[in-house]
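Chains as they are written, first to last, in the working numbering: chain A, 1 to 110; chain B, 1 to 116.
Mixed in with the good hints, there may be bad ones.
[Unchecked claim] In silico DSBU-like links for lysine-lysine, alpha-carbon gap of 30 Å or less:
1) A/Lys77 x A/Lys97
2) A/Lys60 x B/Lys41
3) B/Lys64 x B/Lys14
4) B/Lys64 x A/Lys56
5) B/Lys20 x B/Lys66
6) B/Lys14 x A/Lys97
7) B/Lys20 x B/Lys55
8) B/Lys66 x A/Lys56
9) B/Lys41 x A/Lys77
10) A/Lys56 x A/Lys77
11) A/Lys56 x A/Lys68
12) A/Lys56 x B/Lys20
13) B/Lys64 x A/Lys97
14) A/Lys68 x B/Lys55
15) A/Lys97 x A/Lys52
[What the hints assert, rightly or not] Sample of chain A residues lacking proximity to chain B, with all beta carbon distances greater than 12 Å (derived):
16) Gln6
17) Leu13
18) Ser14
19) Leu19
20) Gln38
21) Lys49
22) Thr51
23) Phe62
24) Gln81
25) Ser93
26) Asn96
27) Lys97
28) Gly103
No wet-lab data here; the hints were simulated from the structure.
Glycine included, each C-beta is placed from N, C-alpha and C at the ideal position.
Residues per chain are reported as follows:
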Amino acid sequence: GNSVTQMEGPVTLSEEAFLTINCTYTATGYPSLFWYVQYPGEGLQLLLKATKADDKGSNKGFEATYRKETTSFHLEKGSVQVSDSAVYFCALSLNNKLIFGAGTRLAVHP
Amino acid sequence: GAVVSQHPSRVICKSGTSVKIECRSLDFQATTMFWYRQFPKQSLMLMATSNEGSKATYEQGVEKDKFLINHASLTLSTLTVTSAHPEDSSFYICSAFGPVSNTEAFFGQGTRLTVV
Numbered sequence: 001g002n003s004v005t006q007m008e009g010p011v012t013l014s015e016e017a018f019l020t021i022n023c024t025y026t027a028t029g030y031p032s033l034f035w036y037v038q039y040p041g042e043g044l045q046l047l048l049k050a051t052k053a054d055d056k057g058s059n060k061g062f063e064a065t066y067r068k069e070t071t072s073f074h075l076e077k078g079s080v081q082v083s084d085s086a087v088y089f090c091a092l093s094l095n096n097k098l099i100f101g102a103g104t105r106l107a108v109h110p
Numbered sequence: 001g002a003v004v005s006q007h008p009s010r011v012i013c014k015s016g017t018s019v020k021i022e023c024r025s026l027d028f029q030a031t032t033m034f035w036y037r038q039f040p041k042q043s044l045m046l047m048a049t050s051n052e053g054s055k056a057t058y059e060q061g062v063e064k065d066k067f068l069i070n071h072a073s074l075t076l077s078t079l080t081v082t083s084a085h086p087e088d089s090s091f092y093i094c095s096a097f098g099p100v101s102n103t104e105a106f107f108g109q110g111t112r113l114t115v116v
């Protein structure tokens, strides 16, 4: 079946550190891939997306590249800020359904 | 981008009562909306797919008589938690695919339900 696996958290970093959150997927078909961010007590916001292999999604300094050969969509940011503290969800879209990973909590300290 | 509005954001109800949660697409029409449930520090679990003008499609293990879904118009879907119990306390989130394509979903703000 279709599924998303992302690294367990929490991830704790100091401000300006480099961030990587790993995400791999299994899909029967050609999904679109997403990263969503959830701030405390809120719904989800789309952070970035990629709809086909080798596409790179980017937003607010975050990047992720759709790697078909490794079925991965790792999230990266060169220099995190305290305001980036949130839960990050990797997701795939296929057949009109969104399937989420378990989420990775990021805590950034000054 | 497209806006999905969910109401209420928080609700506390007594055990045995029913609670209705609304999900509206504000600037686009959504023939399909999705309802998720999120437990503390966990991922989103898809409960059901709400289809305008027809019956909702429920995921395995979700009680359709417990969680009533109505999608009466192209901009409104409602989730009613019937005869709520404390174990129904959770964060409920709705979403809809945007007007441009069905590859990008937009989410409501979520509803924190507490059953006492």
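#### Entry: Violated hints, by number in ascending order, as checked against the structure
Violated hints: 4, 6, 8, 12, 14, 16, 20, 21, 22, 25, 26, 27, 28; rest satisfied.
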